[in-house]
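**Student:** Just so you know, the protein sequences line up as chains A and B, in that order. With this note's numbering, you'll find the first sequence wraps up at 593, consecutive numbering, no jumps. With this note's numbering, you'll find the second sequence wraps up at 293, consecutive numbering, no jumps.
No lab work stands behind these hints, which were simulated from the structure alone. Virtual Cβ for every residue (Gly too), placed ideally from N, Cα, C. There could be a bad hint or two in this list.
[Stated by the list, open to error] Which stretches of chain B does chain A cover? Using the computed rule of at least three CB atoms under 8 Å from a CB of chain A, they are:
#1 175-185
#2 232-240
[Stated by the list, open to error] With the C-beta cut set under 8 Å, the calculated list includes, among others, these residues of chain A facing chain B:
#3 Arg28
#4 Arg29
#5 Leu30
#6 Ala31
#7 Val32
#8 Ala33
#9 Asn34
#10 Leu35
#11 Tyr36
#12 Leu37
#13 Trp38
#14 Asn39
#15 Ala40
#16 Ala41
#17 Thr42
Okay, here's what each chain looks like letter by letter:
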Amino acid sequence: MSWANPNALWLLAAILLLVFARRRKPQRRLAVANLYLWNAATTRDAPSLTRRFRRSLLLLLQAAFMAALIVAIARPLFSFGGGRVALIVDVSMSMGARDQSSTRLDAAKARAVELAEALPRRSRVRLWVASATVDDRGEFGSRDAALRSAIQSLQITDAGTDVESAVVQARLADSPPSHIYFVTDRPGAAADDVEWARIGEASENVALTRLTARRRSADQSIELLIAAANYGAQAASFDAVVSQNDSILARRAMQLPPRGESTVVMTLPNTAGVVLARLESRDALTADDSRIIAIPPADPLRVRLINGSYFIERALTAHPGTLVVQSTPNGGAESADDDVIVCDGCADVPASAGSVGVLLLAPRSAAAREAAPVTVNINARAHPVVGLLSLDSVLVSPVQSVPSHSPDGSRSGPASIDDNRVIAHAAGAPVIVAHEDGLRRVVELRFDPAAGFALDPAFPMLIANCLDWLAAPRRSAVTVTAGDLLQLKSAVITGPDGHTVPVSERAGTFIAQTERAGVYRITQDAETKTLIVNPRVEGESDLSAKAETVQSSAVAPPAMTSGWDATGPLLLLALALLAMEWRLKTTDRGLTP
Amino acid sequence: MLSPQEARLLDHLTIGAGSAASSASAAGVRRARTRGAGLEFHEYRHYQPGDDPRSIDWTVEARLNQLVVRVSHATGDLRLHLLVDVSASMAIGVPEKLTCAAQLAAALAYVAIERRDAVGVSTFDSTVRTFMPPAAGRGQLFRSLELLRSLSASGKSSIDEALLRYGAAVHGPGLAVVLSDYFEPGAGLRGLRYLLHRGLTPAVVQVIAADELRPDLTDDIELIDVEDQAGSVLHVDRGVVDAYCARLEEQTAALRAFCLTQRLPWLRLESGTPFKSMLSAVEGAGLLTAAVS
Chain A
1 MSWANPNALW
11 LLAAILLLVF
21 ARRRKPQRRL
31 AVANLYLWNA
41 ATTRDAPSLT
51 RRFRRSLLLL
61 LQAAFMAALI
71 VAIARPLFSF
81 GGGRVALIVD
91 VSMSMGARDQ
101 SSTRLDAAKA
111 RAVELAEALP
121 RRSRVRLWVA
131 SATVDDRGEF
141 GSRDAALRSA
151 IQSLQITDAG
161 TDVESAVVQA
171 RLADSPPSHI
181 YFVTDRPGAA
191 ADDVEWARIG
201 EASENVALTR
211 LTARRRSADQ
221 SIELLIAAAN
231 YGAQAASFDA
241 VVSQNDSILA
251 RRAMQLPPRG
261 ESTVVMTLPN
271 TAGVVLARLE
281 SRDALTADDS
291 RIIAIPPADP
301 LRVRLINGSY
311 FIERALTAHP
321 GTLVVQSTPN
331 GGAESADDDV
341 IVCDGCADVP
351 ASAGSVGVLL
361 LAPRSAAARE
371 AAPVTVNINA
381 RAHPVVGLLS
391 LDSVLVSPVQ
401 SVPSHSPDGS
411 RSGPASIDDN
421 RVIAHAAGAP
431 VIVAHEDGLR
441 RVVELRFDPA
451 AGFALDPAFP
461 MLIANCLDWL
471 AAPRRSAVTV
481 TAGDLLQLKS
491 AVITGPDGHT
501 VPVSERAGTF
511 IAQTERAGVY
521 RITQDAETKT
531 LIVNPRVEGE
541 SDLSAKAETV
551 QSSAVAPPAM
561 TSGWDATGPL
571 LLLALALLAM
581 EWRLKTTDRG
591 LTP
Chain B
1 MLSPQEARLL
11 DHLTIGAGSA
21 ASSASAAGVR
31 RARTRGAGLE
41 FHEYRHYQPG
51 DDPRSIDWTV
61 EARLNQLVVR
71 VSHATGDLRL
81 HLLVDVSASM
91 AIGVPEKLTC
101 AAQLAAALAY
111 VAIERRDAVG
121 VSTFDSTVRT
131 FMPPAAGRGQ
141 LFRSLELLRS
151 LSASGKSSID
161 EALLRYGAAV
171 HGPGLAVVLS
181 DYFEPGAGLR
191 GLRYLLHRGL
201 TPAVVQVIAA
211 DELRPDLTDD
221 IELIDVEDQA
231 GSVLHVDRGV
241 VDAYCARLEE
251 QTAALRAFCL
261 TQRLPWLRLE
271 SGTPFKSMLS
281 AVEGAGLLTA
291 AVS
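I would like the entire structure built from these sequences, with the hints used as guidance.
**Tutor:** Right, dumping it as structure tokens:
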């Protein structure tokens, strides 16, 4: 049962005043000469107990009338059937922001419990947890202790969340809900079946947005680039600290204007391994104040070149710290120490590549050589293969499209220029394609470098970027952002806390979720690699938007109230009680308190 | 107590004493409605064996050759005892019941004195408060009226106890008019029976206030005994009025039935009854009758 106007119930205290006033009402007294006759009349009329009861009956009727009227004003709603609702709780990184002493997730849990308890008793609640993915935590009764326990057990992730996808997924559940409650700190699109329970106050926050490292070839020192952003309305000053194994390697003061960004470059001595950069800032959200990077060792990058042309070989050796080992398709033993395999004129990844990154230069035909060069258009400017390259003035001659390998290892159709694997295209054909097959990365160059591009300074830089990107999983670590899905082949992943990360299978591919920032270990084919997961800053670190004061109603939505409004019957009852009271007062056998 | 107009209304009345009231030992102006050895001729009747031969009228025998006897009126004095209840309950009503009772007692005393009967006025509550033995003459009338004028209602009532004491002090024959509201359990019947035992003829005059006959309760009310105001309080309401009226009628019926059984005069008066209506009611009860001139 719920109340549309619960404050009216305070009027019930007026009934006490009625009783009190009646009790204290002075009675008129009359002296009579024949009291014994009156006594006889009352004694014979009714026993003393019945008389006392009847004396109180009018007071009871009056009190009952007032109570019925007051309860009718309070509008009780009796729900019998209840319905099914979806309760989505946002556990993305921004929900870890602190508002005074508690986090937004704490407030979200409390609101979720409040929403559940406001529902009709027989309602069913399906709990969804929204982060990088939307996780179904099961269906519960609105009053089940298990629901409250499930809500209280929610934990914050370091990933972002897609609000709209969460709503869509909740709608597509096996038992579609009649109403969706979304407890989050971000706005959502208005919908008839969705009620947004926004929480969180605007807060100051800075975040470490980028961390990259490059080894100087001259002295093998490490240049560490740290970029930070201030999402608050006030300037921020703090220190950026770089540490390894709890030892501080460098410290630099940073000052950021309101809504500003800043970048510092630190130089570290010859270092390899996992390095932590952290902003010593007291802001609302601490999860985005640190990032991890794995610095590869100073060993030269071993590149196995198969059928390499002159231009390719020259471009490879231009990369500092590269050891090029010549090989033929059928000869030359592969070494387990190969970091990258470059196959010039190969239509496919060599079978012996294993998990080594492969750079394929597509076979060139005479006809392709004759084709007029065309300009290159970059699709994925942010891809590490492109890096800081500018290919605006570069002309290439695309070769025949070569089927690319899909992540499951099978050949798929030619990658269209809209494919996210296409890094650049020219004349409508993909010319640079990069993709990952588990931990193995593959880059395909589908143009003839000898047509002119090979002489461009951008060509060796492109080759160097490809080598770095291809070698990263073997030489340093795979770095992803929290929430990114990893597609693997039968690997065991150990999380930062030392526990095995659950892996789900889809179409023969194992997918692991990386919702927590930290250093993971991937064991695949008896080989262990490092996986670094950094927090997602985009869309999560900006805490300046204040939650709208949209409070969820304590009353279940109309769709849920399949019950009965008792206001009308209560008013009728009050009228009936009033009629009884009037009747009793006006008849000869009237009763008075 | 009595205005000249009221006195004029009383001049042609006499006490309707009934069969047990007169005293044959004293001669008086009053005619007894019985045949007896009096001086005044009443009628002739045929001789019956057993009649006194001295009552045979020989003159009629000589003329009509029939034996007839002379029948004369018997004459004697009436001893009227007026007992007025002066307990606190007689103060109820507008006008007070005591006022009505005193006025009726004054009227009866006036009638009796005018007819040269003896009158005594006594007051009682739980016992006899004042006692004035019956006596004739105007002086007795003045004393009676003076007493009746000074009456005030107070004290608890016990009709039985008072009548027992009075009956122990006096004896009959005589007419004892007891003017009271008779509002006590038993309605004073024990006392009335004792008066009968003592040779007196009680006449019951019940004076009730209009509010006591027809209570008008518009709201809940607390009732207390006027003669015991510190006693228990009774909460009543309109719903009890009918039951009360029934109880009152039961008691009145019992009193009336006793009077009818004993052939005693019985009368119930409302305290606000006009004097003329009161006289009519008293005549109707047989306490007063038209005088025989």
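**Student:** Can you name, in rising order, the numbers of the hints this structure does not satisfy?
**Tutor:** none
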